[in-house]
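Trainee: Okay, here's what each chain looks like letter by letter:
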Amino acid sequence: MSDFEPRIVAFFCNWCTYGAADLAGVSRLDYPPNFRVVRLPCTGRLNPKFIMEAFKRGADGVWVSGCHPGDCHYIAGNYHARRKFVLMHQLLESIGVEPDRLRFSWISSAEANKFQAMARDVVEHVKACGPNTTFRKEDLKLGLAEVA
Amino acid sequence: MQAALDLANAGYYVYMVEKSLAIGGRMSQLDKTFPTNDCSMCIISPKLVEVGRHINIELLTLTDILSITGSEGNFTVNVRKNPRYIDMSKCIACGECTKKCPRKVDNAYNENLDKRKAIYVQYAQAVPLKYGIDASECMYLTKKKCGSCKKVCPADAINYDDKPEDASFKVGSVVLAPGFAPFKPSEFETYRYDTKDVITALEFERYLGATGPTMGEVVRPSDGAHPHKMAFLQCVGSRDINRADNGYCSSVCCMYAIKEALIAKEHSGGKLDVTIFYMDIRTFGKDFERYYEKAKAAGIKFVRSRVHTVKPEPPAGVKIGYVSDGGVSAEEFFDLAVLSHGLVITPETKEMSANLGIQTDGYNFARTSTFSPVALSRPGFYACGVYTGPKDIPTSVMEASAAAAAATSKLTPARSTLTKVINIPAPVDVTGEPPRVGVFVCRCGINIASVIDVEKVVEFAKTLPFVEYAAVTMFACSQDSQEKIVSLIKEFRLNRIVVSACSPRTHEPLFQETLAAAGLNKYLYEMANIRNHDSWVHANNPAEATRKAMDMTEMAVAKAALLVPLKENVIDVDPTALVIGGGVAGLNAAMSLSSQGFKSVVVEKDDKIGGQANRILSTVKGENVAKYIEGLKAKIADDPNISLALQAEVDSVEGYVGNFETTLSNGDKVKHGVTIIATGAKEYKPTEYLYGQNPQVVTQLELDELLKANDPKAIDSNTFVFIQCVGSREPGRMYCSKVCCAHTVHAAVELKKLKPEARIFVLYRDIRTYAQKEDLYKEARGLGVIFVRYSIDDKPKVTESGGKLAVQILDPVSGRKLLINPDLVVLAAAIVSGRENELAMKYKVPLDEDGWFFEAHQKLRPVDFATDGMFLAGLAHYPKPMDEVIAQAQAAAARAVTVLTQPKMTVGGIVAEINQTKCSGCGVCVSVCPFSAISLDEKGKSVVNEAMCKGCGNCASSCRSDAPSLRGFTNAGLFAQIASAL
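Listed in order, the protein sequences are those of chains A and B. Numbering-wise (our numbering), the first sequence opens with residue 1 and increments by one. Numbering-wise (our numbering), the second sequence opens with residue 1 and increments by one.
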């Protein structure tokens, strides 16, 4: 399993974690290239269906990251996200998805180092879970052509 | 920045002169801000970007003021622009120059704790994000050697022949905001700042900062070990006339020390032992007292003592010698000592004041009066921030908006005569056309192309559905590339654009302008961040980086293909304000609005205006308040722009920003574009200390009234006992009422002047005469006023026998009980909020747990509510002295003007919409919307008010039937992104 490279979908809020990822770039902090970022205005925009969709499409892990409590650009979006996330996490766990496949974090736009450390940690944990087979038996690559 | 933004948004052209490379000031150096522990950079950077991009703010960096001639309304400003040695129009901030520069220099941004290069940006998020060369350090400029930056610069931006350039321009008003420098403890050997393990608070702030020298790791400088035990020494360079000669209190150090202590403790997982040595803890602002309590609960020790000796203990740490509260000498070892240094005016600022003819006080702060808190002595000059006295960020921001209001009060005829507008061609309607996506993959010089195979990305992009055109550009953001994109959009009839380059956070607005210039709706744009999120972080893995860039481009194309043009609608703005509350705050807001030409209706529930100020004798600067109120009343009566509704309250409210309609209890209906809440507060009616039982026990305001009336009850008394914190800083009211200490000390001084033989005792917990008010405290002690401290666990006891009052208190210095027989006991009763729950509900604005109205952001939006078009001022926000009330009122007016000045407002764009056929009217979206932008209509279905929606998408992700959708971030678009990510 050591050469398994997981594919991870990340949902970042525009104001904090996306900014941290930008700053990590400016500071040239390297991290594994395993995840693809979907930029959201706020983690509050995260519909639990997005997480399901990512897993259904074959993602091995999902990472959601937003502003620290109290820092939300939209006052309380991250609190709403946290509630949804907790329920989602429990739901996934109950249907047999390893808890490590799904991660939630708070990273402010100044915390490039924390971003780097978290990125490494997320990839490492998902890697340890192995390929996601709960939702799909085969590893299918679905492209734009099928949804368009 | 706030002053510039408010001015520019109110229709004035602004020159912003900054002497360093970039704007941002001291706040950009802070890690977190108290009392919310918000990340400083996160909250300041949107402001930086807004200033940097504002079409009506001309940013002059590296610029010095030579002179300002002329008079109010017609000044000529002569400036010198110092060379940057970088062509700002060419620099793409790639950082190649810095990488190659061999010259290392102390990094002032990190308080010289690490090194930067001679060619540098001040900090990573700096605006303008353009490099500059430090001429005194650059090897080429000093010795004509090196030149490596010129060789590596991919944009040919280096210009070693750059020269200073003088310029002049005409302005109507001048706002001065030169800020402060932290006090340098090296001037006094007592602090042993020469010792490695003695550092300043700003240095410690940089250690805590994620972008600091240790990236947020707290270390002991001498050996890099984690400290186990650290101390903060308060009042370094403040409240000290012995050596530092700064008699004033720096106002912010108690709070920042508590903040740094809490964060350091957090970094250490709670293990760090922290002691704060202080004289008085001055946590007087909104939510500050709770922060102090939180620190105590977290185990931070507070020792009341001014440290007398700091002794280095080689190889690491220091011994601190102090005398404890009980008079016992003690010595304690600490790994690290942090000096909480005060704020001082720099010699350059002092010189500037002299050159510009600005009067200053003995501490070099610019002089202002209570009633015109942001106006300087020279007509036409205004100020904000620490230039007029030590203060925190929210107070500085309030003053900034106030300065914007005051600076334009006489310039109204010139409004919107010099401002520029962006001309956009009429957009082409592409609705219904199949997507024709154009993809531009940026090389960013070598920043992207050295890692990612951009040609391969382009070839891949060409295979994606709907892509009509794909090409590589050298610098997508350069002027020539922009023009080329415009012509390609037209040539290939492209109707969706994807740029694979850098961050949308910095560059999306630029490319959106490009689309608009080509006649495309600016929302038909998507960006793939293949630089910051890819080439810069995966430089060691070009193959994976290229694959990632392809995926990212595919994701962007997938989303772009589903984008639709978004409409921005225009709504009318009623240019009238409703001001609720006819006290000093409300009246000043109305007068400030009137001076800008806007009408307002002031609603007052009492039968007269003036509010609590009617009861106050004089300000702490000695100004007569009654005379001021009389003047105000006369001005208001003569002002055709202000109408008063006395003995009236708000009955019901409809509408939103630009179009409110409020019905008053007297039946009047008022149409208004903005609302200013200035409902004030009241004095607490004490139940303690025999108040209400013995007539010789009165409150502070009652004393003022007695003195105003020359009542013998006050005038003929000889022994006075003032008791502080009556009803404040206690469970149930865990806040400081902020004004009482200065008020008491001022009253004591006045009484002593009136009757030198009077015996005056002030019983206090901490004396909080912050900023220059500390001088009053000193004066009172000089006049023989006796200050006795008490603790909350052992409050003074007031008893009565045969009508004679007796006060008992334990003197903590002598350890003995004092018995005083006063003629008058004056209670510094708390200021309590009106708990205006109903009003808050009507306007959909929040109250905090103490009943104060809750602003949009405690640091940077102190007079705005989160709901657009709603503003607040005065004691309704939190207790504060009159100068701060007036500044906040003017600030509220300035913020209101930014709305009222536009006859039409643009709303829409990235906002939510509701598919009413799916809506079941359950109300979830209504309850999750942080901006009260959603309501149920008469059919019981949700509707979004586009004027209030900020586009967070909480509604879209919370609805069980997918009725709301966030434009620009639709489910379909996001699902397409997810699918193509995998």
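Keep in mind the hints are simulated off the structure, nothing from the lab. The structure displayed is predicted, hence computed values, not measured ones. Note that the Cβ used here is the ideal one computed from N, Cα and C, for glycine as well. Check before you lean on any hint, since a few could be wrong.
What the hints assert, rightly or not - Here chain B is said to cover these stretches of chain A; the calculated rule only asks that three of the stretch's residues, wherever they fall, bring their Cβ under 8 Å from a Cβ of chain B:
1) 26 to 33
2) 39 to 48
3) 54 to 60
4) 103 to 116
5) 127 to 135
Trainee: Take the region 127 to 135 of chain A, compare each residue's beta carbon with every beta carbon of chain B, and decide whether three or more fall closer than 8 Å.
Mentor: violated (count 0)
Trainee: Per the coverage rule (Cβ-Cβ under 8 Å, at least three residues), is the region 103 to 116 of chain A covered by chain B?
Mentor: Held - the region 103 to 116 of chain A has 7 residues with a Cβ nearer than 8 Å to chain B, which meets the minimum of three.
Trainee: Quick check: do three or more residues in the region 39 to 48 of chain A have a beta carbon closer than 8 Å to a beta carbon of chain B?
Mentor: holds (count 9)
Trainee: Can you confirm whether chain B covers the region 54 to 60 of chain A, using C-beta to C-beta distances below 8 Å and requiring at least three such residues?
Mentor: holds (count 4)
Trainee: Closer than 8 Å, Cβ to Cβ, for at least three residues: run that test on the region 26 to 33 of chain A against chain B and report holds or violated.
Mentor: holds (count 7)
Checked against the numbered hints given earlier, the structure breaks only hint 5 and satisfies all the rest.
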